[in-house]
Amino acid sequence: MGDTIGIAKGILSDKKQTETFVKSDKIIELVGISKEFEGGTLAVSDFNLHVNRGEFVTFLGPSGCGKTTTLRMIAGFELPTKGKILLDGKDITNLPPYLRPVNTVFQRYALFPHLNVYDNIAFGLKLKKVKTSFRDKNGNMVEKLEHLKKSEIDKKVSKALQMVDLEEFEKRKVTTLSGGQQQRIAIARAIVNEPEILLLDEPLGALDLKMRKDMQLELKDMQRKLGITFIYVTHDQEEALTMSDRIVVMKDGEIQQVGTPQDIYNEPANAFVADFIGESNIYNGTIVGDRKVKFINKVFDCVDDFEINAKVDVVVRPEDVEVVPPEQGIVSGQIVSSIFKGVHYEMIMMVGKSEVMIQSTKEAKIGETIGIRVSPDNIHIMKRDFVSNVYDGYIDKINKVHFAEGAFECDVTQLYPGSHLDSEGYVITATGEKLDLTNVEVKVEVGLKDIEIIDNDVDGDARGSIISIVYKGDHYQIIICTDEEEEEIVCDTEYLWNENDRVSVKIPKDKIKLTLKAVEKK
Amino acid sequence: MNGLKFSRKQLGIPYAVFLIAFVVVPLLLIILYAFTKKVPAGSETFTIAGEPVSFAVSNFSDFFSKQANIRVLFVSFGLAIITTVISLLIAYPVAYILAKSKFNKGGVLLILFILPLWINFVLRTAAMKELLYFIGMYKSNSFSFVNTLIGMVYDYLPFVIMPLYSVILKIDKSYAEASADLGAKPWKTFVSVTLPLSMPGIVSAVSMVLLPTTTSYVISDTLGNGNVTIVGKLIETQFLTMHNWHAGSTIALVLLVIIFISMFLSGKFTEEKDESAGRANLW
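Protein sequence lines, in the order shown, are assigned to chains A and B. The first sequence lines up with residues 1 to 522 when you count with our numbering. The second sequence lines up with residues 1001 to 1283 when you count with our numbering.
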């Protein structure tokens, strides 16, 4: 512990020295953190991360992805249901917030309305006790914990106010300040305590765009000057890219990718990350040769090595699409939309049934036919998350298969090659054996394209709500979540649905692939 | 439909009429009675309701020259202040727990505390008398003051819980979190964040209890065993027993002035200590 204080001081006093530490020294470690709320919602599951000293780390994800919950667990407002939090190698998992050397900038600032600016900032300082040593009457050195002196507090407060450019505001009431000023006071209130880690929970969310951009740069600058570790939560991908040393992309309580902004942008780990960070064209592709991938019906060269015939997701950033005359392009198509965006034009080109979004400084008129090219290292290929849906199911008395909270008509004879059904519904195997399949457990496989979505939750065989939609060039990949056991049904469709739509699904009898589970094992 | 459009001023008329008829006129009458005196026929300056009267300030000197009256004033305000303090001490934890409790879904527990208000006030006080009699406190004269105090706290407790509950409920939990985050232990957080933020509730609770308890003589009559007299009782006696409206009005006016002064002071106090709570101050 003594060492770490020394290091922290070193960071504050000597910037050069810190650079060597930054790379090596873990300040906080989250080991296998899970958080389940009352009622069974799993907000964060198996979260593993370490943050280095002096680093600016951002948790990025859509609302409800568990990023704020994770931050609150680091601050101590929530206790993880599983896992450990280590600060400088010391377990702080169950330490109450007032004993943790971390400070938080809250989403809506949470400045105390009954105190003025000075008292808000001095709040933490007044509570702080520092070791002081002095000589008692007998001349012995005595160590004592003492509150900070008023003059020291004054000095620190005015320094913090200077840091956020609000020197003259000490006596102002916080309720009379503008949003941007309150924001700065909230930051000053946190950094004045010289925390080891500063946690920021969407601190810029309430500011207007211009102010937000300014504050982003200021925060980053402040972090560099102070050398404090920042853990920042946001749903704004641009904010994350601007400020972070490392970004942690989250979805449904799970880490999708951890990496530098460049890594995350250029090499997204999966289609979700690609879709969430920046604009992207996402397609289903197939590897057709050595470093050759086929999508939108054309073969492109790529740099990633996958096995032949692998189904993959292909991501192409709109700004990486080069516009060339039709005959020079790998593929050509007609422009159907073109919008001027200031620096560039954002155009959409149709190739067959697929859309290609292009960002280019050269304008192409609507209706014009152009060719496009993408250089091989700009084609990002990811292993496909989903090729087919697989469920555990069982067969009932009337030879329907139950899975995903629904009962579906199916062809049970596929379980036994050469078998057929008799008039009573029993399966007669090729060798003439009569089988009762009631309650037999099976593995069910359904292709993504074989699922029909129905616009109500009555007519289909299984039902749920749509929780995710990702556009894949010529179709949407939709995930339906069933109501009770929260099984996911993934389907490809060319129709656009809305998130949270209530739907049901139908699957043709011959598209349900059944295999017997190894019952004999028991 | 055109004829149904009212301007703001027109909409204010019913209230103004109500205010004049039931507040301003009675107040003026009280002032008139307080500064006049019954005189023998012939020497009057004017008559009120057929009675010959003339202006006089002797009502006030009569009131303040009697030591018994001064004592009543002290007893009334002493009783009111102690009632208020005890009510706050009981109600704050109750309101706090109710506001924070997971079991108080839909305010069911709160209703349990408010429920006594649905029973008639006099009946409740009478029931309290029986209860005190049963446990033996009513029999002894030495408990008269305490009995009255118990009755007052009991009757006014819901009026203290309600405003405190609604204010505490509205305090954003991020303030307490911010306080803990800055290093404050739970007790410190309560003293320097939660308590100051609930100040508006405390101020309105005090105004709901302090002033009414000085005059609610039903409780002191029922439970005080004739040993506790408060200002309200004095006024009642002058009006209904002595039929001396002049003396009665004088006491009412004295009380009114004291109340105004205390309200003014409490307004000043909260303003100085905390400007945001000052929004709810009594002025």
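It is possible that part of the hints are untrue.
As the list claims (entries may be wrong) - Calculated from the model, a selection of chain B residues having no Cβ within reach of chain A, i.e. all distances over 12 Å:
id : residue
1  : P1040
2  : Q1067
3  : P1158
4  : S1179
5  : P1186
6  : T1237
Stated by the list, open to error - 25 Å max Cα-Cα, derived BS3-like pairs, lysine-lysine:
id : chain 1 : residue 1 : chain 2 : residue 2
7  : B       : K1188     : A       : K155
8  : B       : K1188     : A       : K129
9  : B       : K1185     : A       : K129
Said to hold, decoys possible - Examples of chain B residues toward chain A, derived with CB under 7 Å:
id : residue
10 : G1042
11 : E1044
12 : I1171
13 : V1191
14 : T1194
Hints were generated in silico from the structure; no laboratory data involved. Nothing here was measured: the structure is a model prediction, and the numbers come from that model. Glycine included, each C-beta is placed from N, C-alpha and C at the ideal position.
To see whether the hints hold, each was checked on the structure:
| no. | hint | result |
| --- | --- | --- |
| 1 | P1040 | holds (62 Å) |
| 2 | Q1067 | holds (44 Å) |
| 3 | P1158 | holds (27 Å) |
| 4 | S1179 | violated (7 Å) |
| 5 | P1186 | violated (8 Å) |
| 6 | T1237 | holds (45 Å) |
| 7 | K1188/B x K155/A | holds (24 Å) |
| 8 | K1188/B x K129/A | holds (14 Å) |
| 9 | K1185/B x K129/A | holds (13 Å) |
| 10 | G1042 | violated (65 Å) |
| 11 | E1044 | violated (58 Å) |
| 12 | I1171 | violated (10 Å) |
| 13 | V1191 | violated (12 Å) |
| 14 | T1194 | violated (10 Å) |
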